[in-house]
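Peer 1: Read top to bottom, the protein sequences are chains A, B and C.
The first sequence begins at 4 in my numbering and counts up by one.
The second sequence begins at 4 in my numbering and counts up by one.
The third sequence begins at 4 in my numbering and counts up by one.
Careful, some of the hints might be misleading.
All copies of an identical chain are treated as equivalent in the list; a pair is satisfied when it fits inside any one copy or across any two copies.
Said to hold, decoys possible - Straight-line Cα separation of at most 20 Å, EDC-like style, residue types lysine to aspartate or glutamate; simulated pairs:
no. : residue 1 : residue 2
1   : Lys111    : Asp62
2   : Lys111    : Glu13
3   : Lys111    : Glu84
4   : Lys91     : Asp63
5   : Lys98     : Glu13
6   : Lys98     : Asp62
7   : Lys111    : Glu59
8   : Lys91     : Asp17
9   : Lys98     : Asp63
10  : Lys111    : Glu275
11  : Lys98     : Glu119
12  : Lys111    : Asp63
13  : Lys98     : Asp156
14  : Lys111    : Asp263
15  : Lys98     : Glu84
16  : Lys91     : Asp115
Honestly, the hints are just simulated from the structure, not real lab data.
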Amino acid sequence: MSSPPSFTIEAATDALHAMRAARPLVQNITNYVAMTISANALLAVGASPAMVHASEEVDDFVAISNALVINIGTLSPTWIEGMQRAAKRAVSLGKPWVLDPVGCGATKFRTDFAVEMSRAGPSIIRGNASEIMSLAGAAGAGGKGVDSTASSDAALEAGKALARASGAVVAITGETDYVTDGTSVVAITGGSPLMPLSTALGCALSATVAAFAAVRPPFEAAVAALAVYGAAGAAAATRVTGPGHLPAELCDALYVVDADMIARYATIRVVEEVNVG
Amino acid sequence: MSSPPSFTIEAATDALHAMRAARPLVQNITNYVAMTISANALLAVGASPAMVHASEEVDDFVAISNALVINIGTLSPTWIEGMQRAAKRAVSLGKPWVLDPVGCGATKFRTDFAVEMSRAGPSIIRGNASEIMSLAGAAGAGGKGVDSTASSDAALEAGKALARASGAVVAITGETDYVTDGTSVVAITGGSPLMPLSTALGCALSATVAAFAAVRPPFEAAVAALAVYGAAGAAAATRVTGPGHLPAELCDALYVVDADMIARYATIRVVEEVNVG
Amino acid sequence: MSSPPSFTIEAATDALHAMRAARPLVQNITNYVAMTISANALLAVGASPAMVHASEEVDDFVAISNALVINIGTLSPTWIEGMQRAAKRAVSLGKPWVLDPVGCGATKFRTDFAVEMSRAGPSIIRGNASEIMSLAGAAGAGGKGVDSTASSDAALEAGKALARASGAVVAITGETDYVTDGTSVVAITGGSPLMPLSTALGCALSATVAAFAAVRPPFEAAVAALAVYGAAGAAAATRVTGPGHLPAELCDALYVVDADMIARYATIRVVEEVNVG
């Protein structure tokens, strides 16, 4: 019998070391705004990013990747085809993939596609409170619908329902982050109020989650990635006076993040009993 | 009878405060190069950016946006469809939209589409001297044709003609910026010679103009946005020795720009009598 | 009889001055991740970038450009058409163009297209060791096939074969850079181990090579550009503690790079006899 997952700073640090040792190739099918910061965050933390989206080559590329992130930020029909095909390929090859349902709830086109992808076997879904609530509601999972002022606390029940309906681990990020598999819940703190003022840092987090999913099961990967990224973000925020230099400082922090930085700037707390054996 | 528009540092500051209080959702259909800095500039100054371009969802998204910017920088046929549809929707819903005719004059494809969009009811057209002269000429508005060495002064007559022909307020940016509705002209100074050496800062300015257009009529919005952005750019330039860190410093300046910074780094001057009642 | 090409720091400096004096318009058909840093590097070093890719306007735009770079990073069918047409137009007008075969070897789609473009008359092909070895092998030029751990030394023979097969000068970048026309070889040092940890700096180098190709023959252009960029990168690396601020520092260094910086941070060495007359 495997030991139960451990949700601690030590476990997150171990996952970081394992990820850096593996230097996973992370395929990003992501939005135009998020590409540069996603690639830079992955490189800085120790993974190897690739931006490959054309349906003509995703089958081949997923096969050589260690993890995949699909982010629907700047969605268009030609990209949808590549996303669908990449997700299918990842599932068939048993590769972990992360769904970032950017802007779910804003338009029917976007919400419908987010629902479709949530049913395509993602390992992890990461979004903010509004996106997770909207996706849970639209997917018929029992969520409460869109609320643009939703906190991650308010979205927790929706996230649990979405996790049960999709089979994915759900990560809801905000002032406090929550990760849930539908029954167990882990809360992570870190980050900075400046982070939402620099574009696509949430998208780059989803890419980082994918890197960790290459070396850990989804629940542990998401918790570790959120703690590592949150710690780096909080450390970076101490070195800036506004959002302008935050992406650069975040990458510098991801480049050096270690046990001390994680312990100093992040917390991990099991909110509800973990019953994964 | 409404009071005449006031083109002063105080009015620009008031517009900034109103914009921040409203936190307008600004939809960007912009070029790939401009996306990240446009989003970051909007977030820093206090607006809420979204990058949404697919024709499948622009009708829905324009409906929830407070302003729209259409920038033709990296133009292609699939994007044209979304731009046409978004502009039409914005006009029908009475939402302000800004046209940035990037590279107008460089190719027939680009010039023709810029002309088409200038006739689709933009609230404001913002470009450099060459773009405005080219667009005015191509639109049959009486401009003087392309001149790659054109200063914004030289383009002023073309800009006035373009404003009369299109019904839009025209903002011509350069060493001195001019805003005109075809009869009145306001001149704004600010910025730095380093700004043209960092890509897409003009595009991010157009996005900022859209944010102000969500809370002020087009003429006043353009003047206020140019003063605020120009002041932030000039302040940012004092903190760098080259163009490399300018985008980050610009965002930090936009994050804190206030009456003092605007008064210190920008000027607003009515050049020709304002006869808007 | 023209004098033989000179591969020295002085010649590189002269090329830099000539390029800045000409301020060449460099058309970039490049990947989404590379666009911003490519534009910023070109602006900083003294060239004028434009990002134009639509097949509807590339014929017109190549005609007004001084050099072209085609980078296959985020490849898709609609972009392929513009790339094919732009390359054909550049060749017919005698304009220099640079091929950056990003990710060649990773998928059949990508490798096939890289081979096709290598046969479309590029002036210069710039890639890392793996890309050059893969392209040489796939093009039947006698390379050794893909090796993801390949050093630029190991790829030198493949690069020479590729140069002979394609007629292009081949630049292989890594810890030591090599430039070859198939018989002669010049080695350049510079740069920093941090550079591969910031995304798309190799792509921005290819754009810089194109700028130099506007004012010098391909072999001399590639050597000069690699020395200038490598020196700026090495100088920039002395000012950072991680990869985060490297793009900004690189641009600041490119903005001021001169004979002293090149001499201090780069070396140029003729490895095999230069027999170009």
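Peer 1: Each hint: holds or not?
Peer 2: So, going through the hints one by one against the coordinates:
Within a single copy, Lys111 and Asp62 get their C-alpha atoms only as close as 28 Å, which misses the 20 Å cut-off; across copies the closest is 10 Å, which meets it. Taking identical chains as interchangeable, the C-alpha atoms of Lys111 and Glu13 are never at most 20 Å apart, the minima being 42 Å within one chain and 42 Å between chains. Proximity of Lys111 to Glu84 under the C-alpha cut-off of 20 Å is found in both arrangements, the shortest distances being 18 Å within a copy and 19 Å between copies. Taking CA atoms no more than 20 Å apart as the test, Lys91 paired with Asp63 passes inside one copy only; the shortest distance there is 12 Å, against 29 Å between copies.
Taking the shortest alpha-carbon separations for Lys98 and Glu13, neither the intra-copy value of 25 Å nor the inter-copy value of 52 Å comes in at or below 20 Å. For the homomeric pair Lys98 and Asp62, the shortest alpha-carbon distance inside one copy (12 Å) is at most 20 Å, but the shortest distance between copies (36 Å) is not. In this assembly of identical chains, Lys111 and Glu59 lie within 20 Å of each other by CA distance solely across copies; the values are 9 Å between and 27 Å within a copy. With identical chains, the CA atoms of Lys91 and Asp17 are never at most 20 Å apart, being 30 Å at best within one copy and 53 Å at best between copies.
Proximity of Lys98 and Asp63 under a CA criterion of 20 Å is satisfied intra-copy only: 13 Å inside one chain copy versus 35 Å between copies. Taking identical chains as interchangeable, the C-alpha atoms of Lys111 and Glu275 are never at most 20 Å apart, the minima being 34 Å within one chain and 48 Å between chains. Proximity of Lys98 and Glu119 under a CA criterion of 20 Å is satisfied intra-copy only: 19 Å inside one chain copy versus 32 Å between copies. In this homomeric assembly, Lys111 and Asp63 come within 20 Å of each other (Cα to Cα) only across copies, at 8 Å, whereas the closest approach inside a single copy is 31 Å.
In the homo-oligomer, the alpha carbons of Lys98 and Asp156 never lie at most 20 Å apart, since the shortest distance is 30 Å inside one protomer and 34 Å across protomers. When the C-alpha separation of Lys111 and Asp263 is checked against a cutoff of 20 Å, the pair qualifies neither within a copy, at 45 Å, nor between copies, at 44 Å. In this assembly of identical chains, Lys98 and Glu84 lie within 20 Å of each other by CA distance solely inside one copy; the values are 19 Å within and 32 Å between copies. In this assembly of identical chains, the alpha carbons of Lys91 and Asp115 lie at most 20 Å apart only when taken from the same copy (18 Å versus 24 Å across copies).
Hint violations for this structure: numbers 2, 5, 8, 10, 13 and 14, all remaining hints satisfied.
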